[in-house]
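Using the sequences and the hints given, assemble the complete structure.
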Amino acid sequence: WNLKVMGSVSDSLQFFTHDNSNVMTILPSGNVGIGTEDPGTRRLSVVKNTSITSGFNDITEFLDTTIGVGGSVSVNFGRENSNKNVGKITFKYSGDGSSDNSINLGFFGSDNLVTLLADGNLGIGVTGPTKTLHVVSAAEAALFQGTATWGTGIQIDATATGGRNFQIQSSADAAGEGGGKFLIVDRD
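Residue numbers 59 to 246, in this note's numbering, belong to the letters of the sequence shown in order.
If you are wondering where the hints come from, they were derived from the structure by calculation, not from laboratory data. No residue lacks a Cβ here, since even glycine has one placed at the ideal position from N, Cα and C. Among the hints, a few may not be true.
Computed spacing ranges between beta-carbons, pair by pair [stated by the list, open to error]: (1) Gln225 with Gly88: 50 to 58 Å; (2) Thr108 with Gly237: 50 to 58 Å; (3) Phe114 with Leu180: 18 to 26 Å; (4) Ser152 with Lys239: 23 to 31 Å; (5) Asp122 with Leu102: 14 to 22 Å; (6) Val133 with Gly237: 46 to 54 Å; (7) Val243 with Leu201: 31 to 39 Å; (8) Arg101 with Ala218: 30 to 38 Å; (9) Gly93 with Ile212: 16 to 24 Å.
As structure tokens, this is what we get:
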């Protein structure tokens, strides 16, 4: 490792590898660039240029190898640590390889608004979703709006052998059935 104070790059502090490749820059403003000499106005800028065109390319990871069952770690974004002024992405650990490990979205004071379990179940308003999409609400749980002239609908497809394709519709004036009707339509 080499450490240099560079007068030509805004009096920055730069870290170099033995082959003189810049790996980190700290500007006088405190902004840090990892993989870039110029983080600009960002407090932290991480850049990793690769030639990968498909698949995953993990640029960074945040791990707490000491987390225990029931523990969680989060990344917070926002203005200040007060009610609804910070958004949170939280990993909750339920056990090694557990389908109950989860990613939760929420806010300071309003955790767990959205939960994605490791088994793929997604919950809105529920921390333990039991279906692919599980919505719980004290009021109307969902709103589906459409701007098509025929109305709006929800498609239900059973793709296995013998399955059928249905649509639940709320019709508008341009629908063949006329407006203001609730319909269950066989789409096959």
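Here is what the structure says about each hint:
no.: 1; hint: Gln225 with Gly88: 50 to 58 Å; in the structure: holds (56 Å)
no.: 2; hint: Thr108 with Gly237: 50 to 58 Å; in the structure: holds (54 Å)
no.: 3; hint: Phe114 with Leu180: 18 to 26 Å; in the structure: holds (20 Å)
no.: 4; hint: Ser152 with Lys239: 23 to 31 Å; in the structure: violated (46 Å)
no.: 5; hint: Asp122 with Leu102: 14 to 22 Å; in the structure: holds (19 Å)
no.: 6; hint: Val133 with Gly237: 46 to 54 Å; in the structure: holds (47 Å)
no.: 7; hint: Val243 with Leu201: 31 to 39 Å; in the structure: violated (20 Å)
no.: 8; hint: Arg101 with Ala218: 30 to 38 Å; in the structure: violated (51 Å)
no.: 9; hint: Gly93 with Ile212: 16 to 24 Å; in the structure: violated (45 Å)
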